[in-house]
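Line by line, the protein sequences give chains H and R. Quick note: the first sequence, position 150, residue 151 per our numbering, numbers continuous. Quick note: the second sequence, position 25, residue 31 per our numbering, numbers continuous.
For the record, the hints were derived by calculation from the structure and aren't laboratory data. Among these hints, one or two may not hold up.
One side only, chain H facing chain R, incomplete, derived with CB under 7 Å [said to hold, decoys possible]:
| id | residue |
| --- | --- |
| 1 | T70 |
| 2 | V136 |
| 3 | G182 |
| 4 | T204 |
Label pairs and their calculated CB-CB ranges [stated by the list, open to error]:
| id | chain 1 | residue 1 | chain 2 | residue 2 | range |
| --- | --- | --- | --- | --- | --- |
| 5 | R | V85 | H | R26 | 35 to 41 Å |
| 6 | H | L88 | R | W109 | 49 to 55 Å |
| 7 | H | A23 | R | R41 | 34 to 40 Å |
| 8 | H | D140 | R | R41 | 43 to 49 Å |
| 9 | R | R39 | H | T160 | 39 to 45 Å |
| 10 | H | G173 | R | R41 | 52 to 58 Å |
| 11 | H | R199 | R | W109 | 34 to 40 Å |
| 12 | R | P31 | H | D174 | 32 to 38 Å |
| 13 | R | A22 | H | A23 | 35 to 41 Å |
| 14 | H | L214 | R | W10 | 31 to 37 Å |
In this text the structure is predicted, and so the values were computed from the model without any measurement. By construction, the Cβ of each residue, glycine as well, lies at the ideal position given by its N, Cα and C atoms.
Residue strings, one per chain:
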Amino acid sequence: MQICHDDRVHPDSDATADVEAARLRRQVARQSWSVGIATGAYGISFGALSVASGLDVWQTVALSALMFTGGSQFAFVGVIGAGGSGLAAIAAASLLGIRNGLYGLQVARFLDASGLRRLAAAQLTIDESTAVGVVQPTDSARRQGFWTTGVAVFLFWNTFTALGAIVGNAMGDPRRWGLDGAAAAAFLALLWPRLLSRDAAATAVAAIVVTLLAIPHAPPGIPVVVAVLAAVGVGLWPRRHPDAPAPRHAGGSEA
Amino acid sequence: MSLWIAVLAACAVAFATKLAGHVVPAAWLSGRRTRRVTTLLPVALLAALVVVQTLAGPAGSIVVDARVAAVVVAAVALVFRAPFIAVVAIGALTAAVLRLAGWS
Numbered sequence: 002m003q004i005c006h007d008d009r010v011h012p013d014s015d016a017t018a019d020v021e022a023a024r025l026r027r028q029v030a031r032q033s034w035s036v037g038i039a040t041g042a043y044g045i046s047f048g049a050l051s052v053a054s055g056l057d058v059w060q061t062v063a064l065s066a067l068m069f070t071g072g073s074q075f076a077f078v079g080v081i082g083a084g085g086s087g088l089a090a091i092a093a094a095s096l097l098g099i100r101n102g103l104y105g106l107q108v109a110r111f112l113d114a115s116g117l118r119r120l121a122a123a124q125l126t127i128d129e130s131t132a133v134g135v136v137q138p139t140d141s142a143r144r145q146g147f148w149t150t151g152v153a154v155f156l157f158w159n160t161f162t163a164l165g166a167i168v169g170n171a172m173g174d175p176r177r178w179g180l181d182g183a184a185a186a187a188f189l190a191l192l193w194p195r196l197l198s199r200d201a202a203a204t205a206v207a208a209i210v211v212t213l214l215a216i217p218h219a220p221p222g223i224p225v226v227v228a229v230l231a232a233v234g235v236g237l238w239p240r241r242h243p244d245a246p247a248p249r250h251a252g253g254s255e256a
Numbered sequence: 007m008s009l010w011i012a013v014l015a016a017c018a019v020a021f022a023t024k025l026a027g028h029v030v031p032a033a034w035l036s037g038r039r040t041r042r043v044t045t046l047l048p049v050a051l052l053a054a055l056v057v058v059q060t061l062a063g064p065a066g067s068i069v070v071d072a073r074v075a076a077v078v079v080a081a082v083a084l085v086f087r088a089p090f091i092a093v094v095a096i097g098a099l100t101a102a103v104l105r106l107a108g109w110s
């Protein structure tokens, strides 16, 4: 599909195609920026929770710029905040980031990027850029959706992270402001939209049980890593019938 | 391990994971069971993180405090399709108000 169009209206059939393509570009831009702003805004909660967990402002800012995948960032500071070791925090964040590798497989097909562009595309490969990209009807719209959403989330996520870290730093005792309750609520909101299938619900229940059993016996941070057994157990369980999707709950999205 | 080293190492792993998806042949991860496990991984980890953030106390103890109320109220907000940022704010507000009222 041609992506560079003349703005004039031609009296031939190309004109309709041009108008249609321009309309699609505006629609993709609108989607991408609204997702970027909405997602980026909760960087403020990440920034605040991160400094409440014991990271300093620069470490918090580094996580958003370099790790740039919200779920893993929340997991990292969650484990550190619970008194876990650096290794446990790395493990939890890395396991949660595996899905980004799967997104890379999907978006690489239409991005067709190489060299520095491929490195940039890899860094921007997250839930939102992948989601906005893959749903578009043409390859050029998919590329536009992926890049615009990725850049928009990156800008807002990092700006709001810095803001949250600075404000959080000035607030003092995080418990007084209910920030520990906010962390628990954040993980629930990240989990919620993923509970779409019976497999997912079974995995969540198994993970809750495994974690509760592990907390009294394992060092902080390790129960989260042990909970991976729930995903492996349910994922490898022989399946008798196709997965029946549960009713969809809207709610959190994730960077 | 210093916290800075952990931060940078975790960032390096995160980037390597993202890049791997862009460079490995798609066939490597196409097994049905592999896909099921990798799809369920975030669910298991997030469910575990909810439990730890809600109930874990010092030295391997399990503590019921204002955090439990925060999670219950957050769940209600999610049922009513509240956006992420509202759910987080409601969680904080619930815990803060209960602490102010004297319940730890």
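Checked hints:
| no. | hint | in the structure |
| --- | --- | --- |
| 1 | T70 | holds, 6 Å |
| 2 | V136 | violated, 18 Å |
| 3 | G182 | holds, 3 Å |
| 4 | T204 | holds, 5 Å |
| 5 | R:V85 <-> H:R26: 35 to 41 Å | holds, 37 Å |
| 6 | H:L88 <-> R:W109: 49 to 55 Å | violated, 35 Å |
| 7 | H:A23 <-> R:R41: 34 to 40 Å | holds, 38 Å |
| 8 | H:D140 <-> R:R41: 43 to 49 Å | violated, 24 Å |
| 9 | R:R39 <-> H:T160: 39 to 45 Å | holds, 41 Å |
| 10 | H:G173 <-> R:R41: 52 to 58 Å | violated, 46 Å |
| 11 | H:R199 <-> R:W109: 34 to 40 Å | holds, 37 Å |
| 12 | R:P31 <-> H:D174: 32 to 38 Å | violated, 51 Å |
| 13 | R:A22 <-> H:A23: 35 to 41 Å | holds, 39 Å |
| 14 | H:L214 <-> R:W10: 31 to 37 Å | holds, 33 Å |
Hint compliance for this structure: hints 2, 6, 8, 10, 12 are not met, and every other hint is.
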